[in-house]
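Using the sequences plus the hints, can you model the full thing?
Protein chains in written order, with my numbering: chain A, 844 to 1138; chain B, 414 to 560.
Please keep in mind that the hints were generated in silico from the structure rather than gathered at the bench. Hints may contain errors.
[As the list claims (entries may be wrong)] The calculated PhoX-like cross-link candidates involving lysine-lysine, where the alpha carbons are at most 25 Å apart (straight line), are:
| # | chain 1 | residue 1 | chain 2 | residue 2 |
| --- | --- | --- | --- | --- |
| 1 | B | K539 | A | K1012 |
| 2 | B | K553 | B | K461 |
| 3 | A | K1012 | B | K553 |
[Stated by the list, open to error] Sample of chain B residues with no beta-carbon within 10 Å of chain A, all distances over it, derived:
| # | residue |
| --- | --- |
| 4 | L451 |
| 5 | G452 |
| 6 | G460 |
| 7 | E464 |
| 8 | A467 |
| 9 | A468 |
| 10 | R469 |
| 11 | P470 |
| 12 | N471 |
| 13 | N475 |
| 14 | R500 |
| 15 | P511 |
| 16 | T517 |
The model shown is predicted, which means the values in this text are computed figures rather than measured ones. Ideal Cβ placement from N, Cα and C applies to all residues, glycine included.
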Amino acid sequence: MSVSWRFFVLVSVLVFPPAFPERLAAQENPYFVAYDHNLEEPGNLEVEYFSTFGSQRSANDFHAFWTEFEYGVQAWWTTEFYLDGQTTFHDSTLYSGFKWENRFRVLRREHAINPVLYAEFENINGADKTLKEVVGHDVEADFGVPNAEARADIAHEIELKLILSSNTKGWNFSENIISEKNLSNEPWEFGYALAASRPLRLKASATRCRFCRQNFIVGAEMYGGLGDRHSFGLRDTSHYLAPVAGWNLPNGWTLRLSPGFGLNGSSHRFLLRWGVSREISGFDQLVRRALGGKL
Amino acid sequence: MKAVMAVLILGALFLGISPGSGRSSLSAAGTPSPQFRLGADTYAELGKAPEKAAARPNPLENDPQAVAAGKLLFLDHCAECHGDDARGGRKGPSLRAPDVTNATPGTLFWLLTNGVVRKKMPAWSKLPEPQRWQLVRFLKAPAAEER
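See the structure below:
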């Protein structure tokens, strides 16, 4: 199956205009890297497509893309499946792997700081350029390897995160502590992500509207690597600061945009990320009906 | 890999041709769906609100737009489980029951904020506080005022 066909299939999931509830309004944060403690509602499926354009010194720029299927299993448990790919200009387009993540809300009640545990398995190759997180000594130069060479390097990794998040006075503040382990005898690598965001208006409008200020959420995120078990710290690591903006449309769609800027010489100078997602309310009921109520 | 692609293709087709709305489990009359079984502890969480939280007044009590805005928020975020008219759905109980309508605004706000995450009720703290208070106004409003 060709890459373009795979890509078509993934995008078609998003583009099909199915007869899902028209009134559902998503209330999503605008982050690309950081996670907050707000999990998917039980039974809802969110289908998301994201892109990252990255500038690259001494090599070709790239466009990495991934699709996420995020499902609320319980109010305290969200599971998510990713498919990743990338195009390196003047090189090739390829599938770069899949990821399966789970997030677990630890506490029953809302607190000033709310912890969520995150566990992910990754089956990716060395050509993965999604920059969904930055860990260890990930630096721009890693992305200069030609695709044909990089794709041969298959990595099975586990990633654990402690997500700490607060909602206060309309703001969300999130801090993610990241650890990642390549299962082929590599050291644990570490990273971080920090984020804050707020809707432009806190009260909801009494009428339906697409352009009301409460539908727009803006903020910023900062993320980067912290070395590994043998060399913890900021040396030879990359870091980014990225304003983020999200637009929650009344019919369940969310659009996101984020220009990101490298903060040191080891970082890509510029990343442009964008994404579109749709939340499908009552997905569990749809599946149940499709199977004749046998679930 | 082929299996993954097959799942995706089926998923895309399924999403594309699925005829119904996710809300079709609601009865036409808006009565509580028989699928949600009321238990003795269905509304028990309301009684767990701390005194201080329960005593909080609704800062939007006199906001003339709050009920209408709360109704839209309800349709967007709550009707999937509790029914379009808040009288119960397949997954959630009626919110027009006396346990709810007689609860203080602060109690309802506290429950919305914390959810009942072990029983599939999400925490709605991701909605800004004013929106949660708007929802409370809708839940406390008499039927005539809702319109």
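Against the structure, the hints:
1. K539/B - K1012/A: holds (11 Å)
2. K553/B - K461/B: Holds. K553/B to K461/B sits at ~19 Å (cutoff 25 Å).
3. K1012/A - K553/B: Status holds; Cα separation ~23 Å.
4. L451: holds (19 Å)
5. G452: holds (17 Å)
6. G460: holds (15 Å)
7. E464: holds (15 Å)
8. A467: Fine: 14 Å to the nearest Cβ keeps A467/B off the interface.
9. A468: Consistent with the label, A468/B stays out of reach of chain A, its closest Cβ about 18 Å off (over 10 Å).
10. R469: Check passes; 14 Å lies beyond 10 Å.
11. P470: Fine: 17 Å to the nearest Cβ keeps P470/B off the interface.
12. N471: holds (13 Å)
13. N475: Per Cβ check, N475/B is outside 10 Å of chain A; nearest 14 Å; holds.
14. R500: Holds: least Cβ distance 17 Å, greater than 10 Å.
15. P511: holds (25 Å)
16. T517: holds (18 Å)
The structure fails none of the hints (numbered hints given earlier).
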